[in-house]
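Novice: Protein chains in written order, with the numbering used here: chain B, 1 to 418; chain V, 1 to 396.
Incorrect hints may have been included.
[As the list claims (entries may be wrong)] Dumping the calculated PhoX-like pairs for lysine-lysine here, alpha-carbon to alpha-carbon at most 20 Å:
1. B:Lys-188 with V:Lys-323
2. V:Lys-50 with B:Lys-188
3. B:Lys-128 with B:Lys-33
4. V:Lys-189 with V:Lys-206
5. V:Lys-206 with V:Lys-122
6. B:Lys-178 with B:Lys-150
The set of hints was computed from the structure by calculation and includes no laboratory data.
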Amino acid sequence: MTEHTEDYVRKEARTWLENNWDPNLDLFEWRNKLADSGWGLPNWPSDWYGRDLPVGLVPIVEEEFQRIGALPIPKSGIRMLAAATILNHGTEMHKEKFLRRIVTGEDVWCQLFSEPGSGSDLAGATTKAVMAGNKWVVNGQKVWTTSAHKAHWGLLLARTDMDATKHDGLSYFIIDMKQPGVETQPLKQMNGYASFNQVFLTDAEVLPDFQVAELGDGWKVATTTLMHERRAADSLRAWGQVPNSEGPIYDQERAEIETTMAPYKWYPQRAGRVDLIMQRAKETGAIKDPAVRQEIAKLMTLHKSAEWTARRARSAQEQGKPQGPEGSLGKLAASNVARAAAKVHTMISGADSMLSGDDSPENGTVAEVLISFPASSIAGGTDEIQKNIISERVLDMPKETRFDAGKPFKDIPRNTIS
Amino acid sequence: MRSNVISYLKVFWGFKMDFELSNEQQLLKDSVSRLIADNYDLQKRGAIIKSADGYSKTVWKQLADLGLLGLSFSSNYGGFDGGPVEQMIVLEAFGTGLLIEPYLATIVLSGTAIQSAADENKKSELLSAISNGDHLMAFAHSERLSRYQLSQVETRAQLKNGNWILNGEKTTVLHGGIADTIIVTARTKGSDRSTDGISLFLVPAKTKGITVNSYPTIDGMQAADIKLSNVSVPQNALLGECDKGFLIIENIEQHGIAAVAAESVGAMQCVLDMTVDYLKTRTQFGRPIGDFQVLQHRAADMYVAVEEARSIAIYAAMMTTEKDTEKRRHAMATTKAQIGVSCREVGQGGVQLHGGIGITEEYAIGHYFKRLSMIERQFGDVEHHMTTLSMMDSPD
Ligand SMILES: Cc1cc2nc3c(=O)[nH]c(=O)nc-3n(C[C@H](O)[C@H](O)[C@H](O)COP(=O)(O)OP(=O)(O)OC[C@H]3O[C@@H](n4cnc5c(N)ncnc54)[C@H](O)[C@@H]3O)c2cc1C
Ligand SMILES: Cc1cc2nc3c(=O)[nH]c(=O)nc-3n(C[C@H](O)[C@H](O)[C@H](O)COP(=O)(O)OP(=O)(O)OC[C@H]3O[C@@H](n4cnc5c(N)ncnc54)[C@H](O)[C@@H]3O)c2cc1C
């Protein structure tokens, strides 16, 4: 069973899929089969819905899914970050309670990190959790919380000690989003979608069991979540894509994308839709224009090096190396690709790219790229923060002077919002 | 009631060589800025965008009353003989407020067409009608896949029994859906990409055979696809000389470029001001983010981009009246290339330096970003104009 050659894995996956895939199954029945067999997330531990397969062999399995037309586990959304965090730092109870419903997609998750006063300075969070009686009581405000309005559970970074330094006073919790103390208010983006929210926490409750890792370890756990988020940056373009086949199970997944997964519908546009470039260039005839060809060539060069940077990161992970600050490379590359792709798309489509109606290029998809790509260099840690990480932690340059290091958090100057 | 500001200004139009505004020009600037500050904010703008017409009749009437719509038309037709500098002042102010009213379509593009090509009767009829705010116009030129190539015209016009019969499709016609009269370009002879053989026609929007399909543009304006099937207009609907429309079209576009250049300067200055303000007040890591030198330098780059745009917008304004077509062509391509570069730098920088709040609908910066993204591409993007320039001899 530990034979991890390409051929062996391919054969095994193919046999299993041929015996089990059935487009007439109910979507959740199918996903439960994937969870039980471990074929849905084969690189996960075999104890927890996986098969201990090296990450590098996952594409082989994915190819087999594609070949037979089987629906994979949608590897998108915050719930995958939740899974990674729980697998790393969670208790047996957390794994027992949450992982299966993450795999089946029955639970929606959100990440309650950013606050009005702390975005890049995430460790400056002021949302407080106080132990009262036998539970944590949480008060504060979060912002830019993607899919909070749909979420059952939230990954919460909160301050448990005002006297400790800013990093040491943070703890990490899993919070039930469907309780009276949690109020979400949608925020609309300039591209017309409303995928993120403000979240007001007023005496919201968390049971002690739902704390992740030790008290004061919040920053360490949050860093795990963030590093996984960063790794996902290169695969954004695949998010929210619907397979084109016919059948009830596909309809069910399409319906899911319109509902619980709706906040991620524009993520491929945010990543620049490199996949549409050649097709558009050909159908418009722009491919004949030497200036356009040059820009396409530049974009594809950028895109290819980004792809291989991501491959190296995955291979490093496969060899058991921890996620390092090098992840910032992939995040920066994704911003560059998105920016360049937006430019090339408009060179190709010309003035039409500015129309957002149904009859506009790709039903407005190109226009959506134009007003979505700026999110790439902000979400999940800004480009500036990625460059700080590279310069200070990879290149070992002297750190910028910190005014807040070593001081108790309560003595640090902050925005007046909270 | 037309303000006497404009009449008073007529005393002297022109440019002082020190690039400072004259007192009269300053007065014009102040009055337009006041109109916008008092009547146009993000919330009102949002409501206007959602309204049925996609523009505000009230604002349009105010612009007419202030004399701004007829500002640059000849006084023989009820205008104020304004020059390029005055036009620039007005458009810069419009950029500040992100005005979505059909000024570019009606006044700049169509107005230029009529001024440069219509006969006396049409001029006095149409120029006064559009200056009064009673009549809207649109310029229908670009076609699917024409990708900024001005000579790409497949729409046909044929003379039959004393009438012109028009057939074809126009796309992204700015404010085409609300226009009373549409200026349609069509081929009267020659092949699809020839500069020779294009003519312009004045077509009432209600004419039989016209189908108009309006779409929102990314910046909240409206543009339309217009289908013409056997649209019949009288012989005198021809605007300018038959077959010789290309130079008129080019001139219209050049006025468009000078106009959006000025408008973009107003919008960019706002983005820069908002961003610098934000850098000074937003605190992260226990200090204002403006403390971080990378952000200071990015803001400095934005400042340089705005000033480069301002300089080139002035240059463009001056060059709209240049007689030598080659020189004018070169100047306008140079202008639009620089404006595109600046729009990118300032628009993207403004959003980036605001972080998450920069991409929200509630906050102003995203709206400026969208308008600047539009201007970046309107009348040709950077690469298009760079290609044009690379194939020309520099006339200087
Ligand atoms: C689409 C989208 C989805 C998001 N989803 C979530 C979510 O689900 N959960 C969540 O918790 N958050 C989410 N975020 C928030 C995101 O992580 C923050 O927006 C981001 O970290 C920046 O924080 P900020 O918005 O407060 O900007 P700020 O931190 O205020 O940054 C403003 C500017 O200052 C710069 N800056 C700040 N510090 C430095 C420094 N030290 N050196 C140089 N430059 C600096 C920044 O780079 C930026 O340009 C999302 C954001 C977006 C855009
Ligand atoms: C959306 C987002 C995504 C991010 N993703 C990543 C990521 O993938 N990888 C990554 O390394 N960082 C990530 N960061 C964190 C980022 O590196 C820091 O926020 C930023 O560099 C500012 O530094 P600092 O807050 O860590 O403070 P600093 O004063 O710079 O802290 C100095 C260093 O000490 C560490 N540190 C200080 N105290 C503690 C403590 N008690 N426990 C653990 N570590 C401590 C910090 O992590 C940091 O490395 C992300 C931040 C944001 C906002």
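Novice: Now look at each hint and say whether the structure bears it out.
Specialist: Here's how the hints hold up against the structure:
no. : hint                     : verdict
1   : B:Lys-188 with V:Lys-323 : violated (49 Å)
2   : V:Lys-50 with B:Lys-188  : holds (16 Å)
3   : B:Lys-128 with B:Lys-33  : violated (41 Å)
4   : V:Lys-189 with V:Lys-206 : violated (26 Å)
5   : V:Lys-206 with V:Lys-122 : holds (18 Å)
6   : B:Lys-178 with B:Lys-150 : holds (9 Å)
Violated hints for the displayed structure, listed by number in ascending order: 1, 3, 4.
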